[in-house]
Amino acid sequence: MVIGVSQCSDDAWRDKMNMEMLHETALHSNIELIVLSANDNNEQQIQHIQQLIDQKVDLLIISPNEAAPLTPVVEKAYDLGFPVLLVDRKILSDRYTAFIGADNYAIGQEVGTYVSTVLGRAGTVLEIKGLEGSTPAIDRNQGFYSTTSRFPDLKVVESFDAEWSEDIAYEKTLAFLNSQKRVDLIFAHNDRMASGAFKAAKELGIQDSIAFVGIDALPGEDGGIEKVLEKELTATFIYPTGGDRIIQLALKILNDETYEKNNPLVTAVVDFTNARVLKLQSDEILDQRDKIDYFNTRIDVFTSQYAMQQYLLYSAIAIVLLLVVLSLVQYRAYRSKTLMTIKLEQKNDAISKQKQIVEEQRDQLVELSRKLEEATFAKLMFFTNISHEFRTPLTLIAGPLGTLLESEDLKSNQKRLLTLAQRNVEILLKLVDQIIDFRKFETGQLHLDLQWGDIKQVIESWNESVQELAIKKRVRLSFSSMSDVSYTMPFDLLKFESIYLNLLSNALKFTPSDGFIKVNLAQIEKDGQPFLSIEVSNSGKGIPKENRDRLFDRYYQIESGAGGSGIGLAIVKAFAELHRGSVEVVGDTSSTTFKVLLPYHQPVAEIGKHSPEAIADRPMIPVVPQPTKDPFVNEQDIDDRQKVLVIDDNPEICSYVRLILESKFLVLEAEDGLSGYKIAMKHVPDLIISDVMMPGMDGVDLSRKLKTEISTSHIPIILLTACSLDEQRITGLESGADDYISKPFNVKILEARIQNLLENRKRLKEVFSAGFFSKSDSPELDKDADQSFINKFRHLLEDNYTESELNVEDLGRNMGLSRSQLYRKTKALTNYSPNELLRIMRLQKAQELINTSELSVSEIAYRVGFTSPSYFAKCFKDYYDKSPTDYQK
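Our numbering numbers the first residue of the sequence shown as 1037 and each following residue consecutively.
Simulated from the structure, these hints should not be mistaken for lab results.
Hints may contain errors.
Said to hold, decoys possible - Heads up, simulated BS3-like pairs for lysine-lysine below, C-alpha to C-alpha not over 27 Å straight-line: (1) 1383 / 1327; (2) 1718 / 1509; (3) 1925 / 1913; (4) 1631 / 1609; (5) 1679 / 1743; (6) 1631 / 1545; (7) 1828 / 1743; (8) 1714 / 1798.
Make a model of the complete structure from these sequences and hints.
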């Protein structure tokens, strides 16, 4: 089979693709490749395609230089019956067999997302496009603008065409920068143009103030990966070649196998954090390819020798047949034949072993590729977790502000909502700052801003701000320090704040109620130098030894159900090491201690001149006082309002939901799944609103447990969470939850869904009440647990209604519930108390006896369980509007 390849130009990217195609072709002896390059000339490429058509190749592989000029000749080849496989670039119609290559629009979007992240969604960008009219340049430009246009403060101040050329990019960038224009970032459609832009900026001495982003990420000298390592480029995006997959797809087409028409190749960002790994992998791949080429050459030599040996063998046989009379020659020829056969077998064995080595090395390359994909996936998961962290503060911004905007006058509750929103805006900004700092640390761009200050004084002021939250969680927070020791030293206030508050936040998150957190400040000697020691200890479940070594790794999380991004402790370690210090974790099964060491002495040149008072007076994030209303309410104090239980480990979410519901409902609160379960079992509320991600028992487990309990199975449950994926929604609903609302939520939607669920529960009450005394299950009901309870309780009354001493305690004991639980359950399902249901059943049985027997009224009263005929007569008249005697007549 002959495959013709028409390329638009010769460059490093296409050389790499050609090499991959040749290697893949080497595995198939029946394939011949004809490769022609047009050197960026449309007319020449059209001639090449016509030439390949005239040669009647079996399949055409075409990488169009420009879409419009090449479309007619490609359509012509397709109409003549030639399979046409487009590579890297498309034409202006769909008259081709298949396409394989990178999704340039998606790559443009990926670059736009990366640029917006690097610049914090605000800044100026210069875009250097590829050849005008080529589909990669068009798609990359459109994908890039589709992302950056969503951020008003991110401006593309200039965009010009550099024809994929480094020299043209250099000249135009130099002219642009000489015009006194300045930009924060330059995005070029390939690495060569990005390198040209860098050289122009370097010539003007402003290269350090500009970030440079390119596309291709080719390995080897002068490749994009090398330029990232040399810090010439800030980042580059992999533009996959896929030469081996091109040949594999061509074979599927030629062999009439099933194939996809569009075959996109994926991309990934390459920056300083992963460039070295990619370079090592690329070098290894190139080395393995050289070995493969060497082995292929050796195989050709061996094959040639084998053919020669076969020729000699046949010649020897012919000579033997011709010279049969010469027995000595015949004997020698036979011996020669035997020796050559042995050598040939040895050489075949050697070839087999070499082939096995090549296959093993190929498997190693596959494994390296898999590990790279896992690393990329882990980073994507990190950013996914961070986005989930942002959702709760966003909820507390969008909800209160939306509520306030609907009112004309600002009332006290509205002021509390506004304060809550303001606080969470600051929390969100703190999270954003941590992400930016961590990103800078990963790229080696984070530096200290050292200032003199009293660390003890700063910690004490922070502890005062956190103390109220600790009290609300019923956690004892204590602080101690060595006396007669000076704690004034140079340190970076913002980064030390991240160190201390991350440790304190972790301690609060994992300390159980009635536990403790201890902070100890001391001065120690290490290697003859004074160090400040900060120890943060907390009670609770300790950290297993097998997890401690990886605890400070970025993105690593212990399975705890507490959520988080997985970078808090990594930031602690990074910022401690920036101070030339260290951090370690110790503990046992009942406590955990984090110990941070910071040196007292820092390089004098790096220390600022701010006064200690200016540092100590820096305000912390304000702590919003939480309502002190007791969630445990006695039954006698409950008014006619329905009860709603709110469960969330974020106290501000509980406070916010209370503010919007307390005018209509009696609101109970719980700080986690376990305490929420206990409150639900004790008070049996009319509705439960629960978060999903909580330490210990999460919302899904809580819902599943409550729905299996007899006393709580009827309670409607709404899961309220920051996780909005469909899979998580399905899991929540499968646990028995009645509704699932994602944060940030609309207050009106939440109120409407609460009202709908309570209305549905009211209608179910009517159905249960009407069907309680029927002898069959109600087909309208789809709550199996509730129907089972009703059936069981009805049968219990039918079996025991004649016993005059029967009381609620006996009924509850038989149902496996307490008196109060049975009362709440029957009242919630039928709107009747247990005593009322028992009395109604006795009266109905008495009516049947009056209709079917000759017994007196007194005999009937005693038979159905009444102890007094007069009380029976009163109850009968109240229920049937007639006395038993009148009814009997």
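Going down the list of hints, with the structure as the test:
1. 1383 / 1327: holds, 18 Å
2. 1718 / 1509: holds, 21 Å
3. 1925 / 1913: Holds - the C-alpha atoms of residue 1913 and residue 1925 are around 14 Å apart, at most 27 Å.
4. 1631 / 1609: holds, 11 Å
5. 1679 / 1743: Judged against 27 Å, a Cα distance of about 18 Å means the pair holds.
6. 1631 / 1545: Holds: residue 1631 and residue 1545 sit about 18 Å apart, inside 27 Å.
7. 1828 / 1743: holds, 17 Å
8. 1714 / 1798: holds, 25 Å
Hint check: no violations occur; every hint is consistent with the structure.
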